[in-house]
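The hints should help you fit chain B onto chain A, whose structure is shown.
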Amino acid sequence: MRNDIAAAVDAALAEVAATASAASLAALSGSLVGRKSPLGQLKSKLGSIADIDERKAIGQVLNDAMLTVEAAFATKRAECEAAELEAQMAREGIDLTERVAESRRGRTHLVTQATQRLEDVFVGLGFQVAEGPEVESDFYNFEALNMPKSHPARSMWDTLFVESADAGSVVLRTHTSPVQIRVMQDWVPPIYAVMPGRVFRRDTPDATHMPVFHQIEGLVIDRNISFRDLAGTIEAFTKAFFGADFTSRLRPSYFPFTEPSAEFDIRRANGSWIELGGCGMVHPNVLRAGGLDPEEWSGFAFGFGIDRMAKERHSIDDMREMYTNDLRFLRQFP
Amino acid sequence: MKVLLSWLNEFADFSDDVDVLVDELTALGMPVEETIFAGTKVPGVVVAQVLRTERHPDAEKVHRVYLTTDGSNELHVWCGAFNMKAGDKVPLAKLGTRMPDGREILRRGILGIDSEGMCCSAQELDLNDDHGGILILPADLPLGADVFDALGVTTDIVFDLDLTRNRPDCWGHMGVARDLAARLRRPVGTDSVGESSHPLHPLSIDIPDEASCGRFTATVVKNIRVTQSPQWLQDRIARSGMRPINNIVDASNYVMLERNQPTHAYDLRSVESGFRVRFAKVGETLVTLDGATRELHGADIVIANGADVAVGLGGVMGGLDSEVVGSTTAIALEVAWFPPDTVNESAARHGLRSEASARFERGADPWGLEAGAWRFIEILRLTCPNLEVHGAPQVTVNGACPPPSTDVVLRLAQVERILGVPLTSRQVADLIEPIGYRCAGEGTKITVSIPSWRPDSTSEIDVIEEVARHYGYEALGKSVPNSTVHGRLSGVQQRRRLVHSVLTEGGWSEAMPNPFLDPGAAKLAGVDDALQLAIVNPLVAEESMLRVSLRPGLLRSLAYNQSHRVEGIHLYEVGHVYPRGANALPDEEEMLCVMSLDETDGELAALRSWSLLVDALSFGAQIDAKSTPPGYHPGRSATLRRGKQVIGAMGELSPVVLRNHGVAGRVSCLELSLGVVLREEPKPVAAKVVSRFPSSDIDLAFVVAESVAAADIHRGLKSAAGNLAVSLELFDVYRGKGVQEGARSLAYRLRLQAPDRTLTDDEVAGIRAKCIAAAEKLGARLR
Chain A
0 MRNDIAAAVD
10 AALAEVAATA
20 SAASLAALSG
30 SLVGRKSPLG
40 QLKSKLGSIA
50 DIDERKAIGQ
60 VLNDAMLTVE
70 AAFATKRAEC
80 EAAELEAQMA
90 REGIDLTERV
100 AESRRGRTHL
110 VTQATQRLED
120 VFVGLGFQVA
130 EGPEVESDFY
140 NFEALNMPKS
150 HPARSMWDTL
160 FVESADAGSV
170 VLRTHTSPVQ
180 IRVMQDWVPP
190 IYAVMPGRVF
200 RRDTPDATHM
210 PVFHQIEGLV
220 IDRNISFRDL
230 AGTIEAFTKA
240 FFGADFTSRL
250 RPSYFPFTEP
260 SAEFDIRRAN
270 GSWIELGGCG
280 MVHPNVLRAG
290 GLDPEEWSGF
300 AFGFGIDRMA
310 KERHSIDDMR
320 EMYTNDLRFL
330 RQFP
Chain B
0 MKVLLSWLNE
10 FADFSDDVDV
20 LVDELTALGM
30 PVEETIFAGT
40 KVPGVVVAQV
50 LRTERHPDAE
60 KVHRVYLTTD
70 GSNELHVWCG
80 AFNMKAGDKV
90 PLAKLGTRMP
100 DGREILRRGI
110 LGIDSEGMCC
120 SAQELDLNDD
130 HGGILILPAD
140 LPLGADVFDA
150 LGVTTDIVFD
160 LDLTRNRPDC
170 WGHMGVARDL
180 AARLRRPVGT
190 DSVGESSHPL
200 HPLSIDIPDE
210 ASCGRFTATV
220 VKNIRVTQSP
230 QWLQDRIARS
240 GMRPINNIVD
250 ASNYVMLERN
260 QPTHAYDLRS
270 VESGFRVRFA
280 KVGETLVTLD
290 GATRELHGAD
300 IVIANGADVA
310 VGLGGVMGGL
320 DSEVVGSTTA
330 IALEVAWFPP
340 DTVNESAARH
350 GLRSEASARF
360 ERGADPWGLE
370 AGAWRFIEIL
380 RLTCPNLEVH
390 GAPQVTVNGA
400 CPPPSTDVVL
410 RLAQVERILG
420 VPLTSRQVAD
430 LIEPIGYRCA
440 GEGTKITVSI
450 PSWRPDSTSE
460 IDVIEEVARH
470 YGYEALGKSV
480 PNSTVHGRLS
490 GVQQRRRLVH
500 SVLTEGGWSE
510 AMPNPFLDPG
520 AAKLAGVDDA
530 LQLAIVNPLV
540 AEESMLRVSL
550 RPGLLRSLAY
560 NQSHRVEGIH
570 LYEVGHVYPR
580 GANALPDEEE
590 MLCVMSLDET
600 DGELAALRSW
610 SLLVDALSFG
620 AQIDAKSTPP
630 GYHPGRSATL
640 RRGKQVIGAM
650 GELSPVVLRN
660 HGVAGRVSCL
670 ELSLGVVLRE
680 EPKPVAAKVV
690 SRFPSSDIDL
700 AFVVAESVAA
710 ADIHRGLKSA
720 AGNLAVSLEL
730 FDVYRGKGVQ
740 EGARSLAYRL
750 RLQAPDRTLT
760 DDEVAGIRAK
770 CIAAAEKLGA
780 RLR
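Chains A and B, in that order, are what the protein sequence lines are.
Using numbering that gives the first Met the number 0, you'd call the opening residue of the first sequence number 0 and step up by one each time.
Using numbering that gives the first Met the number 0, you'd call the opening residue of the second sequence number 0 and step up by one each time.
Next up, chain A with everything else stripped away, as it sits in the complex (with noise of 0.2 Å):
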């Protein structure tokens, strides 16, 4: 009977080596070690030794002789498994340099990009954001800000009218300045606001000039805010969205909306100054307009243009250039 185990397990082995795939090893495996298999038929045939220690030595013989062959069994399907997916692999090239295909996502507008980059900042600065109509009244445009009607101030500014029953009242918003009141006249101070938007003007475009444009406002009120706080705030915006290498000065100038007034210019790190806008204690027949006590809150106010953030931040010659909507031209801006 050891013998027949021996030759037995030769054959089985002998099977196994000749067979190719996994798939034909699966269908062998009953035949090998399997109740029908010659190893199978020996072992039923086990009870029939008649010697109790004949028969527990066959016994592990035979026993030894299956592990052996499942043993051989896993290591060819395991060959056989990973010989496949090798196969398989290699069959299955691709060249994924055809599968990488340009971006169809579209694009915001360089003048969203840039307000909410500027929102960003100054939102990390501790501000809110404000937003108010673009058609105004002539009170909240003028003469909320200290212009009363026939203010020679108001020629700075070159007004587009709306029709209305009271001509001459409605005024499509020639700044964003009049947010300052709806805010003044809507929340409760302490007020940390930025106020982003559309404004117009009757400017003939030109490369520097759009009649419709594009500026962010900031006004703070609270209890004793100084002019020192507001150079302090500006320096420290001007640190956050151009760089640490960037600083800042006040030069006096004059808004009829604020007292002291004040150009603010940056300084880039080699030296040359950019004109960027304008700020100022709010003035106090402005903080009345605004329902507020000037004895009781003071605060600051600046502005500035976000198209010409945009401009020169990627080095637009043009600024028309910004508005043809040409999708060639948008693209360029992640």
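Hints are computed from structural coordinates only; laboratory data are not their basis.
Positions of the beta carbon are idealized from the N, C-alpha and C atoms, including for glycine.
Possibly wrong hints are sitting among the right ones.
[To be verified] Using C-beta positions, here's what the derived DEER-type ranges look like:
{"hint": "1", "chain 1": "A", "residue 1": "Arg312", "chain 2": "B", "residue 2": "Val192", "range": "55 to 61 Å"}
{"hint": "2", "chain 1": "A", "residue 1": "Asp185", "chain 2": "B", "residue 2": "Asp12", "range": "24 to 30 Å"}
{"hint": "3", "chain 1": "B", "residue 1": "Asp711", "chain 2": "A", "residue 2": "Asp119", "range": "40 to 46 Å"}
{"hint": "4", "chain 1": "A", "residue 1": "Asp185", "chain 2": "B", "residue 2": "Lys643", "range": "28 to 34 Å"}
Showing chain B alone in chain A's frame:
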């Protein structure tokens, strides 16, 4: 305003480095736009005399000029100006001269005849802006002499200042010098008052309309001669941007440029009867100095003589008949103060904005009139040493005149509160007294007297600004406020950003078309223009209406891109529309418009944005396919509703609209009231447990008439399936063989699942039957 360093130096010592002065002027709020080095000698330009001129038959635009620089040798040049005649002396740039504009004078001729130099205009030599012809030199200049030396041209440094409109005092050199000297802690010279040399020549001065003039002075000066001003004075006037005329006009302009004080000299013969200052009468006319006949308006200020005949338009321009002429030997000098608004309106009405009117508009000093008159006489005496002053200026003043000074109370605590720096009363006085503000009192409050030349300064905050300016903005330092507010975007703003990112991720790019439209643009885009508002003063008619819809603008952008052969046109805009409302202001609203040029018929690419937005923003609306929004394709569009409220539209744009815009193909569009959508804050979603039990799918295909919306079938199935339905998907739409004309097959997959058990076959069959019944009720037939 052009300011000359030599002139500033007459008031204080400014021998500093030019860069320092530029920085200090900027720090005072008078930024220097340009620094010009004037009167720089051009070596090689000499005095020459014209001998004769000669036309050439083949040259129309030039002639030959024969000159001599030594009285014997003859030179000839080609010249394009014809204003000289034989005997005139002119500047000749000799060969090899390098002109101020950089070009070199070469022996280059025309018609084979060379040119031995160039005759120069005043502008070519940077002497003044006169380019009307060749500069004719005074006859007494020696031949061959350097022109600059012979004329006594002075050199100077000119600062072109960008002045703010609140500082009228700086429209004169004296004001700039006062500010600059204060900043540099330099003493400023004081005005000397002149003296009358002869008995008073009385002139009556009457101001019947007090509102027309607050203060008026007249001074009589005799024994004068009209001549040229000295060269240095002419240089100053020219470098300040004005034209030297004669000694009288130049003296007047000189005083104005020096102290922001306009003056006007009349020939005494025309005002011997005195002055009357009043508003113009109905129908009154005046021939002004420029020769124009002016119809006067009831709000124009008239200077009339004692016979009530108008001799000048007050604050704007003098009359022609009273002008100083060559034969004038005696003048009456008017120095007056007129109300700024009145002069402003008068100048605007007549389109006559002069250097004088501009100064009255900003505000001249009503109490500087006498000093102006004395200064005029002092300047005139340079050319008329024997002039006679017949009495000190004769003054009339009334209630319309601002006071000589204005007092305001300045609280030192307020100075610290606004500027952030504590200052003593002594420190404040040291800062603002040098610019003419007078401080009185000690302690926490002081009284500040503001001088009459600072009409902009009337309140405590105005004084604080002066303190800040002279303390130095930079010196005040920087601090950051201690805010208790935390920065954030509002919910609306966060959701607006989500709209931008959803759309850009979806392939749409943001456009910003002009919100101003042509009057016909709305109609062409199929938009109802009943509520469209007009701009009263548009730049151009094509941009004269305020949009009531984003569609016309975005369609134009789409058409532009298509005509430039751009691939993949997917655009959107987020922007305001401004329809007329019930109140004074329009019913302004924020809108979204998404537009795609479809690549295939029926693609409706823009509609994909609807699903993306609904999902991202968690909002819903009814898609009402039965009502066609204006401007859309009737069979391919829907109105978006919330109950009765229309919140938008979507679908394919009408072919008529596309044809109007020259767009080929098909365009899908979504329009949405963004305001409505963004204002809704979605509630946080409460989590539902995901069932661990097996699910069962039911596939159902129905034949549905085209007239029945898929959304209705969807809604019917969903409600029939009840709460065991976890999803319902329309996975196939089929038209063609096997389905009759006018209908299509809609195939749905319904997945059922219970949270607590495995569904039985009977339960699934029951729901299936209910769904079929519900669909059939809507007219669908199971395939």
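Hints, verified against the model:
Taking the beta carbon of each, Arg312 (chain A) and Val192 (chain B) are about 60 Å apart, inside 55 to 61 Å as hinted. Evaluation of the 24 to 30 Å hint for Asp185 (chain A) and Asp12 (chain B) yields a failure: the beta carbon distance comes to about 55 Å. Range check, Asp711 (chain B) to Asp119 (chain A): about 45 Å between beta-carbon atoms, so the 40 to 46 Å window is met. Taking 28 to 34 Å as the suggested C-beta distance range, the pair Asp185 (chain A) and Lys643 (chain B) conforms, at roughly 29 Å.
In this structure, only the earlier hint numbered 2 is contradicted, and the remaining ones agree with it.
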